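Chemist: Dock chain Z against the given chain R, drawing on the hints supplied.
Here the protein sequences line up with chains R and Z, keeping their order.
Basically this note's numbering = 1-based index in the first sequence + 9.
Basically this note's numbering = 1-based index in the second sequence + 9.
Some hints here could point you the wrong way.
Note that the list lumps identical chains together, so a pair holds whenever it fits in one copy or between two copies.
[What the hints assert, rightly or not] The calculated lysine to aspartate or glutamate pairs, modelled on DMTMM-like cross-linking and capped at a C-alpha distance of 25 angstroms, are: (1) Lys202 - Glu234; (2) Lys72 - Asp283; (3) Lys55 - Glu281; (4) Lys55 - Asp283; (5) Lys149 - Asp321; (6) Lys48 - Asp283; (7) Lys336 - Glu350; (8) Lys25 - Glu59; (9) Lys19 - Glu167; (10) Lys48 - Glu167; (11) Lys303 - Glu266; (12) Lys336 - Asp152; (13) Lys133 - Glu122.
No wet-lab data here; the hints were simulated from the structure.
Predicted model, so just to flag it, every value in this text is computed and none were measured.
2 protein chains.
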Amino acid sequence: MGVSQRRVSKAVRIAKVTVGGTAPVVVQSMTKTDTRDIKATVRQIKELEECGCEIIRAAVPDKEAAEALAAIKRGISIPLVADIHFDYRLALAALEAEVDGLRLNPGNIGNAERVTAVVRAAKKRGVPIRIGVNAGSLPKKADPQATVPQRMVSAALEQVRLLESLDFDLIKISLKAFDVPTTIEAYRNIAAKVPYPLHLGITEAGTPRAGAIRSAVGLGILLSEGIGDTIRVSLTGHPREEVVAAYDILKSLNLREHGPTLVSCPTCGRVEVDLVGLAYAVEERLSKMTRPIKVAVMGCVVNGPGEARDADVGIACGKGRGVIFRKGEIVRTVEEKDFLEALMAEVERV
Amino acid sequence: MGVSQRRVSKAVRIAKVTVGGTAPVVVQSMTKTDTRDIKATVRQIKELEECGCEIIRAAVPDKEAAEALAAIKRGISIPLVADIHFDYRLALAALEAEVDGLRLNPGNIGNAERVTAVVRAAKKRGVPIRIGVNAGSLPKKADPQATVPQRMVSAALEQVRLLESLDFDLIKISLKAFDVPTTIEAYRNIAAKVPYPLHLGITEAGTPRAGAIRSAVGLGILLSEGIGDTIRVSLTGHPREEVVAAYDILKSLNLREHGPTLVSCPTCGRVEVDLVGLAYAVEERLSKMTRPIKVAVMGCVVNGPGEARDADVGIACGKGRGVIFRKGEIVRTVEEKDFLEALMAEVERV
Numbered sequence: 010m011g012v013s014q015r016r017v018s019k020a021v022r023i024a025k026v027t028v029g030g031t032a033p034v035v036v037q038s039m040t041k042t043d044t045r046d047i048k049a050t051v052r053q054i055k056e057l058e059e060c061g062c063e064i065i066r067a068a069v070p071d072k073e074a075a076e077a078l079a080a081i082k083r084g085i086s087i088p089l090v091a092d093i094h095f096d097y098r099l100a101l102a103a104l105e106a107e108v109d110g111l112r113l114n115p116g117n118i119g120n121a122e123r124v125t126a127v128v129r130a131a132k133k134r135g136v137p138i139r140i141g142v143n144a145g146s147l148p149k150k151a152d153p154q155a156t157v158p159q160r161m162v163s164a165a166l167e168q169v170r171l172l173e174s175l176d177f178d179l180i181k182i183s184l185k186a187f188d189v190p191t192t193i194e195a196y197r198n199i200a201a202k203v204p205y206p207l208h209l210g211i212t213e214a215g216t217p218r219a220g221a222i223r224s225a226v227g228l229g230i231l232l233s234e235g236i237g238d239t240i241r242v243s244l245t246g247h248p249r250e251e252v253v254a255a256y257d258i259l260k261s262l263n264l265r266e267h268g269p270t271l272v273s274c275p276t277c278g279r280v281e282v283d284l285v286g287l288a289y290a291v292e293e294r295l296s297k298m299t300r301p302i303k304v305a306v307m308g309c310v311v312n313g314p315g316e317a318r319d320a321d322v323g324i325a326c327g328k329g330r331g332v333i334f335r336k337g338e339i340v341r342t343v344e345e346k347d348f349l350e351a352l353m354a355e356v357e358r359v
Numbered sequence: 010m011g012v013s014q015r016r017v018s019k020a021v022r023i024a025k026v027t028v029g030g031t032a033p034v035v036v037q038s039m040t041k042t043d044t045r046d047i048k049a050t051v052r053q054i055k056e057l058e059e060c061g062c063e064i065i066r067a068a069v070p071d072k073e074a075a076e077a078l079a080a081i082k083r084g085i086s087i088p089l090v091a092d093i094h095f096d097y098r099l100a101l102a103a104l105e106a107e108v109d110g111l112r113l114n115p116g117n118i119g120n121a122e123r124v125t126a127v128v129r130a131a132k133k134r135g136v137p138i139r140i141g142v143n144a145g146s147l148p149k150k151a152d153p154q155a156t157v158p159q160r161m162v163s164a165a166l167e168q169v170r171l172l173e174s175l176d177f178d179l180i181k182i183s184l185k186a187f188d189v190p191t192t193i194e195a196y197r198n199i200a201a202k203v204p205y206p207l208h209l210g211i212t213e214a215g216t217p218r219a220g221a222i223r224s225a226v227g228l229g230i231l232l233s234e235g236i237g238d239t240i241r242v243s244l245t246g247h248p249r250e251e252v253v254a255a256y257d258i259l260k261s262l263n264l265r266e267h268g269p270t271l272v273s274c275p276t277c278g279r280v281e282v283d284l285v286g287l288a289y290a291v292e293e294r295l296s297k298m299t300r301p302i303k304v305a306v307m308g309c310v311v312n313g314p315g316e317a318r319d320a321d322v323g324i325a326c327g328k329g330r331g332v333i334f335r336k337g338e339i340v341r342t343v344e345e346k347d348f349l350e351a352l353m354a355e356v357e358r359v
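Just chain R, with the same shape it has in the complex (with noise of 0.2 angstroms):
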């Protein structure tokens, strides 16, 4: 039915949470916090958890942020995964300090040594890694002839290769960049050579608006194909606004189900009623929700029951009256000044 079969890859588990194998496509986020702020870091993830984020990670700039991860993970119940650049002895420290997990960029992290005292360290630990690649800071170029996607995959490649070679298999796979072609490239390619899970972004796409359209058309893509595990929204704006546009995403492609669901239409010069300022209403007071439910606004008595047919519940709005319906069957008329509360109520009652 439009989406294909999902890639088998191997179940790799980070704490309580299985990334692969048959597990559903989990959706994860960062923290904006300053991670040595560990009050507003709990903080931000007990927010984040509340919504539906699955794993977080958080930054790890210098040593003394490394030192606050013990601390925050006292605080919150989902897996605590510490992002590294540049200093192996960050990832270091973030183990004895008992994240779930780690994510390493192989473009900045340095020699093979460096990371073989992290894989030691975290495979004692039974800690996964993630090999986040990113278009942007790519090591140097081996060969000349390369693209962007096939260094991009060398690149993991080679870490790979590095992780197994120390007997190493909790591992995880990234392949970011803006390009969403060049990111569905990579992650096709890499798809066919590993058994590993793979967590799937589009890096620096921008604010909730045009951001959240990149990564959808892109995870999008990807997700349709069987390929991801785990996804990430990169957005420039609150966290929360990536864990709701990463459920949308699923839920688009009937691969999670994650609170209510609306139904809207257009509207169009049909229309007689401020539809556009009813759907919104709806949408804040569905936001609240977390059942798995589809609503249907729509702007058309005529049209409006059948269309929605699939609906759970909607409403059909005309000219002063409108009609409340259950799976494209009308169950009753209502005045206009009475629409939100009794299309709400209905959803209640369901």
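Modeler: Same frame as chain R, but now just chain Z:
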């Protein structure tokens, strides 16, 4: 490079705009004003022309609306399509008003004689017809075993054969559903069966936030397979948002250039300035520009210029100071208070 070669479709001209063939994917929208209100409708269309809308459609709920089309057409510069439901006589009246295109819904337009009358009139004027199938308003089930995508394709093919039997080939086809996998399957199926250009859309996708994501996933997947000659993003909101989202989808697959593109990092615990505020301010300023320029807003002086070296211009912000760069090369250091103005000045200079 991640995106397949475009499906070869027949080129169909709608006034001065070509849809299909080797033409770029065309962006269209629909008015949300009362079509009978000529002034408001023309004003909205002029606004959409300014943000890049290339074809506009208007609902024709009654005879007065059909007659208004002539005056609307005189006030605008892009092709005008009449959207017809139920009453084939409104299609005839719209043709009298010299519209540039028709959209008929085979699910509710009535019997073959009525469609025939419309087709004959359209043929005389060289006006193309879009067969606009909607999953929610399909003709009665002929085959009880048929899936929704199969029924959508059957409904379209039946109309295609009728039009072809009348020696009419100025045909475009759309097969819209809310469910993305259903939509994808329907379009893939019809793309292999007929040579006509395809109009892509996800119907009743929702508000600009969730609806844009749903549309980006569905349209992005099809476009990446080379399917689709014109797109409309249906959103419950101002049609301007539909046009902006459509271009963001096309830009993310490098299928169209349109105005500036903002590359901005998601921020993390390493960031020491209000990067979100800066990114939003830059996005706002860029939204008024039409040149296709790539601008980066990065939160890290060390990684920023390199990670965003594809950007024509960018800023990488540290605490108190930042650097302005061009294609990854640092050109200047700036104080925090000057971040926005210094970046925009550099943008102007390119």
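Chemist: Are the hints correct? Go through all of them and say.
Modeler: Hint by hint, here is what the structure shows:
Taking identical chains as interchangeable, the C-alpha atoms of Lys202 and Glu234 lie at most 25 angstroms apart whether they share a chain (16 angstroms) or sit on different chains (23 angstroms). Taking the shortest alpha-carbon separations for Lys72 and Asp283, only the inter-copy value of 23 angstroms comes in at or below 25 angstroms, while the best intra-copy value is 55 angstroms. Within a single copy, Lys55 and Glu281 get their C-alpha atoms only as close as 43 angstroms, which misses the 25 angstroms cut-off; across copies the closest is 22 angstroms, which meets it. With identical chains, the CA atoms of Lys55 and Asp283 are at most 25 angstroms apart between copies only, with a shortest distance of 22 angstroms across copies and 36 angstroms within one.
In the homo-oligomer, the alpha carbons of Lys149 and Asp321 lie at most 25 angstroms apart only across protomers (22 angstroms), although the nearest pairing inside one protomer, at 55 angstroms, exceeds that limit. Within a single copy, Lys48 and Asp283 get their C-alpha atoms only as close as 43 angstroms, which misses the 25 angstroms cut-off; across copies the closest is 19 angstroms, which meets it. In this assembly of identical chains, the alpha carbons of Lys336 and Glu350 lie at most 25 angstroms apart only when taken from the same copy (19 angstroms versus 54 angstroms across copies). Taking identical chains as interchangeable, the C-alpha atoms of Lys25 and Glu59 lie at most 25 angstroms apart only when both belong to the same chain, with a minimum of 17 angstroms there against 52 angstroms between chains.
For the homomeric pair Lys19 and Glu167, the shortest alpha-carbon distance inside one copy (19 angstroms) is at most 25 angstroms, but the shortest distance between copies (47 angstroms) is not. When the C-alpha separation of Lys48 and Glu167 is checked against a cutoff of 25 angstroms, the pair qualifies neither within a copy, at 38 angstroms, nor between copies, at 64 angstroms. In this assembly of identical chains, the alpha carbons of Lys303 and Glu266 lie at most 25 angstroms apart only when taken from the same copy (11 angstroms versus 36 angstroms across copies). In the homo-oligomer, the alpha carbons of Lys336 and Asp152 lie at most 25 angstroms apart only across protomers (22 angstroms), although the nearest pairing inside one protomer, at 59 angstroms, exceeds that limit.
When the C-alpha separation of Lys133 and Glu122 is checked against a cutoff of 25 angstroms, the pair qualifies only within one copy, where the shortest distance is 17 angstroms, while the shortest distance between copies is 77 angstroms.
The structure fails hint 10 only (numbered hints given earlier).
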